[in-house]
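Peer 1: Listed below, chain by chain, are the residues.
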Amino acid sequence: MSTFGHLMNGFAIALQPMNLLWAFVGVTVGTAIGVLPGLGPALTIALLLPITYKVDPTAAMILFAGIYYGAMYGGSTTSILLNTPGESATIVTSLEGNKMAKKGRAGAALATAAIGSFVAGTIGTIGITFLAEPVVNLALKFGPADYFCLMVLSFVTVSAVLGNSAVRGVTALAVGIFLGMIGIDNQTGQARFTFGLAELYDGINVIVVAVGLFAVGETLYLAFQKSSKNNDDEVIEVKDSVMMSKEDWSRSWKPWLRGSFIGFPIGAMPAGGAEIPTFLSYYTEKKLSKHPEEFGHGAIEGVAGPEAANNASAAGVLVPMLALGLPTSATAAIMLSAFQSYNINPGPQLFATKPELVWGLIASLYIGNVMLLVLNLPLVGLWVKILRIPTPLLYGGILVFATIGTFGISRSVIDLMLLYTMGLMGFFMRRYDFPTAPVIIGMILGPLAEQNFRQAMTISQGDMSVFLTRPLSASLLLLAVLALFGPKLWGMMRRKG
Amino acid sequence: MSDTDRSKATKGGLAKGDLAIAVGVVLLGLIAGWQTILIPQSAYAAVGPRAFAWATAVMLVGMGLLLVKDAVTGGWSHESDEFGEVDWQGGLWLAAGLIANIALIETLGFILTSTLLFICTAKAFGSIKLTRDALIGFALAFVAYVGFDRILGYKIGSGLIERLL
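As you go down the protein sequences, you meet chains P and A in turn.
Residue numbers are given in this note's numbering: position 125 of the first sequence equals residue 125, and the series is strictly consecutive.
Residue numbers are given in this note's numbering: position 80 of the second sequence equals residue 80, and the series is strictly consecutive.
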């Protein structure tokens with residue numbers, strides 16, 4: 001069947017009333033948590049993972065994808081009105097967006113962010129639609145050795161290239177691999193890293209780690225921080241209407257498109273990372289703008305471009321996740337574990353075995369984007385109200401939900417202790433500037449990398465050279481080495497020359 | 001970073017907090033190594049269950065040592081230090097709430113301990129409206145219990161109030 005035919009079948013599934021409802025719930029919850037500072041899609045999806053026991057996979061994935069897309073929209077509202085970016089990918093939006101809001105142009109900033117998100121989200125989803133099959137066809141040629149090398153490449157990029165420090169990134173990744181190692185080795189049945197505790201034989205639930213790192217860790221950090229209490233960051237009021245003037249439109253549409261075409265390919269690479277495209281887009285717009293002097297004082301291009309780049313790269317991340325089974329962000333890693341709890345393995349086979357799931361999900365992304373445009377333009381006032389929830393109540397609520405997400409599925413006090421231990425780790429990681437996403441990615445991707453490595457070695461009868469003699473494996477490893485040492489070598493060469 | 005930048009940012013010397021973290025990473029690596037030795041050897045597979053476990057241990061020890069080196073030559077955390085002053089009172093309120101949650105959840109049940117946790121957390125963030133926090137905390141825990149346990153099928157367990165529902 002052609003891509004178009006698949007997509008039409010997908011729409012037939014996504015337009016079923018129940019699935020529409022799941023998409024609506026997803027985008028609404030997603031926008032709300034995107035708006036709330038301190039909450040992100042990874043945490044929310046982790047908290048909702050247990051519903052995978054209750055609902056069918058298509059419904060769950062539509063819900064999760066809705067949350068993922070929704071959070072991208074909601075995050076921009078916060079960075080424009082509050083100047084405390086909800087997540088790193090919206091830092092750039094706050095640069096210009098908050099300045100615009102302070103000048104009384106909050107409505108225009110929110111409008112260009114929402115419409116830009118819609119344009120980019122739709123372009124990104126079109127990208128997924130047409131890129132998925134070529135990637136799948138390529139991936140079908142991958143052997144275990146190639147997969148292993150691909151995972152090594154993505155380990156390197158998510159930990160060593162994207163963060164502030166390669167050493168701290170790789171440390172976080174190794175901690176994640178450590179956590180993923182705990183439990184029974186599924187190939188030999190040996191217990192590993194269990195410290196003799198029977199409770200650890202089944203491994204550590206990714207929910208406990210994600211919720212501990214993101215929710216409990218963040219709460220501890222702020223509770224122990226004096227400056228978080230005398231925070232007089234006022235929510236800026238939206239005085240103008242949420243609309244754009246003719247001039248706003250003419251200054252926004254090109255940044256939207258450029259942002260989309262910067263964001264999507266970078267998101268779709270097996271490296272991921274949503275910050276880089278937003279910064280690239282910002283500097284591109286600054287360079288191309290007819291009003292470069294406005295940058296830093298509220299230039300609309302500086303909101304339109306990065307917001308589009310952010311959403312397009314979020315869509316791009318779904319390509320390696322669905323087509324290769326390769327998560328490149330914390331959220332994608334948790335979505336992957338949702339698939340795993342259905343015993344479904346994302347990757348090229350998924351498109352053949354469960355087309356209704358994949359294409360239903362992709363079609364629901366188009367629908368979700370339309371819903372989000374409506375939710376975020378006329379109804380933006382509702383979200384502004386959410387921003388006014390007092391911090392004490394917000395974090396009290398977060399911890400109650402953290403309890404549900406862990407104790408509520410295992411009824412185990414040990415899980416609760418583990419949750420708070422992870423929270424403590426999250427606190428120190430935040431305090432000492434370690435990235436947390438590599439922990440989740442290492443935890444989910446580590447066991448998969450090991451499995452592929454062992455399969456490759458079984459096929460090659462223990463011959464390590466298989467990773468160097470297969471052209472695909474060798475080039476992926478070479479890329480990984482370049483990504484790891486390239487920047488340093490480049491710097492050394494420049495200093496000499 | 002050029003050499004002049006570096007000397008401006010750090011005056012050399014030992015960063016105690018950073019060193020503690022770095023040593024912690026080395027220790028975690030050593031624990032991983034210790035646990036790896038305890039994995040029984042397996043003769044059947046080309047690559048046994050130990051290989052990746054060793055790799056993890058080596059990675060942690062290696063990164064930990066690099067961090068130790070960073071820490072004794074000035075450290076890194078001051079470069080992006082946004083934490084500022086410590087609020088012990090707030091932090092301890094939160095810690096008390098978390099410990100109470102662990103200690104009491106099996107006897108009192110989710111709804112009551114969550115209310116308590118909610119109050120403690122609000123207090124940690126400087127709230128002085130005890131009655132408001134208690135009411136909102138209770139309502140939230142109650143609604144969340146009914147929604148997740150009864151409707152979504154989570155198993156949050158029983159307790160003093162849950163028994164009456």
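It is possible that part of the hints are untrue.
Stated by the list, open to error - No more than 30 Å apart at the CA atoms, straight line, and that leaves these computed lysine-lysine pairs for DSBU-like:
1) 129/A <-> 54/P
2) 16/A <-> 54/P
3) 229/P <-> 16/A
4) 69/A <-> 488/P
5) 155/A <-> 226/P
It is worth saying that the hints were derived from the structure and are not from the lab.
Peer 1: Against the structure, test the hints numbered earlier, and report the numbers of the ones violated in rising order.
Peer 2: Going through the list in order, the structure violates hints 1, 2 and 5 and respects the others.
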